[in-house]
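S.K.: Given next are the chains, with one letter for each unit.
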Amino acid sequence: MNIILYSLAIILLAASYLKDKSKTKKALKKAWKSFENILPELLVIMLLIGVLLAVVDHDLISSLLGESSGWFGVILASIIGAITLIPGFVAFPTAALLLKGGAGYMQIAAFVSTLMMVGIVTLPVEVKYFGKKISYTRNVLAFMFSFIVAIVVGMVVSNL
Amino acid sequence: MIPILKRYRAFLFVLLAVLILTFINKSLGKEIIGITSFSLKEMIQVIPPIFLLLGLLDVWVPKETMTKFMGEGSGLKGILLAMFIGSAAAGPLYGAFPVAAVFMKKGVSLKNILIFIGSWSTTKIPLILFEITSLGPKFALTRFLINIPGIIIIATILSKIVPQDEINEIYKKAQESI
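Sequences listed follow chains A and B, in order. Anchor point for the first sequence: position 54 equals 54 in the working numbering, and the numbering is continuous, going up by one each time. Anchor point for the second sequence: position 132 equals 132 in the working numbering, and the numbering is continuous, going up by one each time.
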């Protein structure tokens with residue numbers, strides 16, 4: 001997917017350059033400005049994720065979700081998912097390992113769902129663009145929605 | 001120099017804290033720095049094309065076009081476009097917010113922007129393929145199917161509860177970020 005995105009960006013950039021050099025320059029400036037605009041927050045996020053993942057390691061999550069069951073496990077899984085920010089390509093194999101380690105499908109569905117939709121560490125960036133009201137409400141709604149996801153996935157995967 | 005220091009003060013503060021922690025607990029500090037470098041590497045790999053496309057979009061696509069396809073009253077077409085663009089994206093959620101700012105500038109409705117954010121966060125196509133292989137098709141596809149109405153419902157609720165003057169304020173701020 002990265003390759004597709006890169007190819008698309010480079011092809012369009014070349015086309016833009018051939019058509020209008022000054023407009024292309026403007027586009028590049030805008031690209032840099034938008035990036036620099038969130039860079040301070042991004043750097044903080046990277047460090048905080050580093051701290052979080054170093055402290056809350058895979059074994060800890062596994063033991064918490066493996067031993068606990070039912071709603072307590074689902075709530076705990078949702079909270080862990082909401083706080084941590086793990087790239088999808090790491091998160092799914094981790095989730096698969098957690099399932100093998102004894103966690104339930106409901107817990108894992110809640111974990112995956114909040115992991116992707118709720119972002120507590122990225123909240124400062126979100127607030128910068130959407131304001132407090134939308135950002136907080138979006139995260140709360142996404143958190144609640146993850147319980148619905150957990151119930152439905154739990155029902156479908158265990159009963160079909 | 002001073003304004004730069006001010007903008008990055010939170011980062012410098014956390015960095016200092018991590019360095020102090022590394023002095024106290026060397027192995028923990030090493031792990032933190034290792035994971036942080038991994039995230040930075042991910043950012044450097046994914047972010048450049050997103051911002052390039054965002055810059056090109058801002059310069060080349062007229063506001064009228066975007067408003068027509070994804071603005072207020074664009075209906076199902078706007079919703080589907082927002083979902084498609086969000087799902088075709090790559091990279092972590094923080095990459096979606098600057099794109100959302102360009103959308104605001106181009107007159108895309110708040111509801112469609114929130115649908116875009118929702119899709120980017122959870123129905124990205126490359127990630128779904130990966131989810132199928134690691135957690136099974138039943139798990140991944142059920143989650144995908146329930147997410148589509150979920151994303152639309154969340155976006156609709158959000159765009160209804162925020163007062164218009166607040167939306168105008170957010171849209172005005174977006175102009176300055178690019």
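It is worth saying that the hints were derived from the structure and are not from the lab. Careful, some of the hints might be misleading.
[Claimed, not checked] Sample of chain B residues facing chain A (criterion: CB under 8 Å; computed from the structure):
no. : residue
1   : F11
2   : E31
3   : I32
4   : M43
5   : I44
6   : L52
7   : W60
8   : F130
9   : E131
10  : D165
11  : A174
12  : I178
All C-beta atoms, glycine included, are put in the ideal place defined by N, C-alpha and C.
S.K.: Now look at each hint and say whether the structure bears it out.
M.R.: Cross-check of the supplied hints:
no., hint, result
1, F11, "4 Å, holds"
2, E31, "4 Å, holds"
3, I32, "4 Å, holds"
4, M43, "7 Å, holds"
5, I44, "11 Å, violated"
6, L52, "4 Å, holds"
7, W60, "7 Å, holds"
8, F130, "6 Å, holds"
9, E131, "5 Å, holds"
10, D165, "12 Å, violated"
11, A174, "7 Å, holds"
12, I178, "5 Å, holds"
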